[in-house]
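As you go down the protein sequences, you meet chains A and B in turn.
Be aware that the first sequence starts at 1, since it is given in the numbering used here, and climbs by one per residue.
Be aware that the second sequence starts at 1001, since it is given in the numbering used here, and climbs by one per residue.
Misleading hints may appear alongside valid ones.
Claimed, not checked - Straight-line Cα separation of at most 35 Å, DSBU-like style, residue types lysine-lysine; simulated pairs:
hint : chain 1 : residue 1 : chain 2 : residue 2
1    : A       : 41        : A       : 198
2    : A       : 432       : A       : 411
3    : B       : 1026      : A       : 152
4    : A       : 6         : A       : 64
5    : B       : 1051      : A       : 152
6    : B       : 1051      : A       : 6
7    : A       : 6         : A       : 41
8    : B       : 1026      : A       : 198
If you are wondering where the hints come from, they were derived from the structure by calculation, not from laboratory data.
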Amino acid sequence: MLDILKISVQMYLPELICVGLMCLLLVAEAMHKDEGTDRSKIYILATAGLLATACALMMNLHIKPTLGFYNAVVIDQFSTLIKLILVFGTLGSLWLSKSSNDIYSDLKSEFVVLAIGTLIGGMLLASANNMLTVYLGIEILSILSYVMTSLKREDSTSTEAGMKYALYGGLTAGIMLFGMSHIYGLLGSIQFTELAPKIASVQGTDLVFLMAAFLLFFAGLGYKISAFPFHMWSPDVYQGAPIPVTAFFAIVPKMAGIAVLIRFSNLFFSVSSPLSTVWIGLLHIVAALTMTVGNVTAIGQDSVKRLLAFSSIGHVGMMILGIVVLDEVGTRAILYYGMAYLFMTLVAFWITSVLNDTYGTDSQAIFRGLIHRHPSMAIMMTVVLFSLAGMPPFSGFVAKFNILSVVIEKKYYGLAFIAAINSVIGLYYYMKLIKEMVFSKPESTEMVPGFTDGTRVLVVALTLPVLFMGIFWEGLMSLSGGAKLFIQ
Amino acid sequence: MISLASYLIISIILFVIGLMVMIARKNIVAILLGIELILNAAALNFVAYSKFVTNNLDGHIFALFIIVVAAAEAAVGLAIVIRFFQLKETIHIDEATQLRN
Chain A
1 MLDILKISVQ
11 MYLPELICVG
21 LMCLLLVAEA
31 MHKDEGTDRS
41 KIYILATAGL
51 LATACALMMN
61 LHIKPTLGFY
71 NAVVIDQFST
81 LIKLILVFGT
91 LGSLWLSKSS
101 NDIYSDLKSE
111 FVVLAIGTLI
121 GGMLLASANN
131 MLTVYLGIEI
141 LSILSYVMTS
151 LKREDSTSTE
161 AGMKYALYGG
171 LTAGIMLFGM
181 SHIYGLLGSI
191 QFTELAPKIA
201 SVQGTDLVFL
211 MAAFLLFFAG
221 LGYKISAFPF
231 HMWSPDVYQG
241 APIPVTAFFA
251 IVPKMAGIAV
261 LIRFSNLFFS
271 VSSPLSTVWI
281 GLLHIVAALT
291 MTVGNVTAIG
301 QDSVKRLLAF
311 SSIGHVGMMI
321 LGIVVLDEVG
331 TRAILYYGMA
341 YLFMTLVAFW
351 ITSVLNDTYG
361 TDSQAIFRGL
371 IHRHPSMAIM
381 MTVVLFSLAG
391 MPPFSGFVAK
401 FNILSVVIEK
411 KYYGLAFIAA
421 INSVIGLYYY
431 MKLIKEMVFS
441 KPESTEMVPG
451 FTDGTRVLVV
461 ALTLPVLFMG
471 IFWEGLMSLS
481 GGAKLFIQ
Chain B
1001 MISLASYLII
1011 SIILFVIGLM
1021 VMIARKNIVA
1031 ILLGIELILN
1041 AAALNFVAYS
1051 KFVTNNLDGH
1061 IFALFIIVVA
1071 AAEAAVGLAI
1081 VIRFFQLKET
1091 IHIDEATQLR
1101 N
């Protein structure tokens, strides 16, 4: 028994580092409570801790898949790669929060603590191997997210967003639990490894109830990744929350939710059974509708935060396409998509944040004639938007190409067609923003103050992968090529 | 002897009442109560299944976790509602209309 614990703790090192870091930061934060104290020490501590977590994850990349804590969690290459994306997403939004004025300066250290707490929830989700860990992961993610959303205490939109998030979140978590309870009752276990073999043998009325239970279960996951029809909260929350928090939401909870959906679908439904037909059909519909709703609604948006929210819903739809095929190639394509999406989203939000700090609004008008007022910023934003739209030679193109190629390989032509149409719709609203930046005359010739030296280096460093991942993508694919899901 | 069916019927009634509360009531605190009802329905299911069907302790453990997490969620939810009340002087859900297309 002690042996099991020892092995479990050993492979769980990255999460433990994160937990330790969060406790340390809580203490450090309490000591810097006074207004006006310099908080850069807290940022340095957080960065060091997160980099240590990333190193520990890199070391985990080479161990063979193991189950830990009595099958509650599984550490395999897939979960480790997802966790790396989560860690870097957190790191990026932390540094964004440092330079942003959208978070009150005396709450910045609290944001750091909350973000790392949320990261722990995300990491738990990425390696969840029973229903209890899925539930705990989702709740850790959600409860801390509610607080982060309403971080702008004096601002009524932020509080409203937090409240809507909490109400939607509570409801969907409840519905998911209700579904889980029936899965537990009908199949007799909460362990994924014990549940999966029993799926194929379910028959009769049990099958109908089990289908309903799985649909209810999907509500919880669908809400976390803001898939249709559970996406309604996400534009409101994205608009109301401070920009660094929005950037964080666009990456960490989404990738964690996608990870658990991948594991769940592959574990339970890769063997054909009546249930798997229903589940795959459900994923088909959800993927198509999520993409379409996200991209079509994005067209009319004036707030850039809202536009990026809808575009991220569209991207989630694309990622679900990779789950539909239920094989390793699809999983690999999603991992690549996640990495590309991480960099694109961070840069897009970063530039929006800089402009938002200058003008105090996030309407599209702040981008007007940006090329005359701050050329380098406009060029970087153009690169990122092209990449988000999926234009070659940027990483967004390769990501979309990978997903589409696996979908076509599986002969889901209808889905591929819908995805292609959605790319065109996406191109339209991204281009509109680019047009605004490049071809519109600015209202004043005043230059935008732009970045401080530190952030300029960071933003350029984040933009370069968008370029290079589009050109030298084979190396990265071979890295995620080992990303096997561990299925018993 | 109370059978499994009675527990399941009670839990589904709780679940539906919770849903109805969430849809019909306009008071935010009442909506939070509706969430609690749904969570309790799930917890009841877990314990009932654990006693009658599966004969393992998974369900009991799960129910305990649900109670703990529900408390945390209610605490955060109420804190946000209080903040909302301080800013808007109302806890009517129809007043939460600042964020829209």
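Do the hints match the structure? See the list:
1. A/41 <-> A/198: Violated - the C-alpha atoms of residue 198 of chain A and residue 41 of chain A are around 52 Å apart, more than 35 Å.
2. A/432 <-> A/411: Holds. Residue 432 of chain A to residue 411 of chain A sits at ~33 Å (cutoff 35 Å).
3. B/1026 <-> A/152: At roughly 25 Å apart (the allowed maximum being 35 Å), residue 152 of chain A and residue 1026 of chain B satisfy the hint.
4. A/6 <-> A/64: Between residue 6 of chain A and residue 64 of chain A the Cα gap is close to 16 Å, so the pair holds against 35 Å.
5. B/1051 <-> A/152: With Cα atoms ~46 Å apart, residue 1051 of chain B and residue 152 of chain A exceed 35 Å; violated.
6. B/1051 <-> A/6: Answer holds: residue 1051 of chain B to residue 6 of chain A is near 33 Å, not above 35 Å.
7. A/6 <-> A/41: Distance ~33 Å between residue 6 of chain A and residue 41 of chain A Cα, so the pair holds.
8. B/1026 <-> A/198: violated (43 Å)
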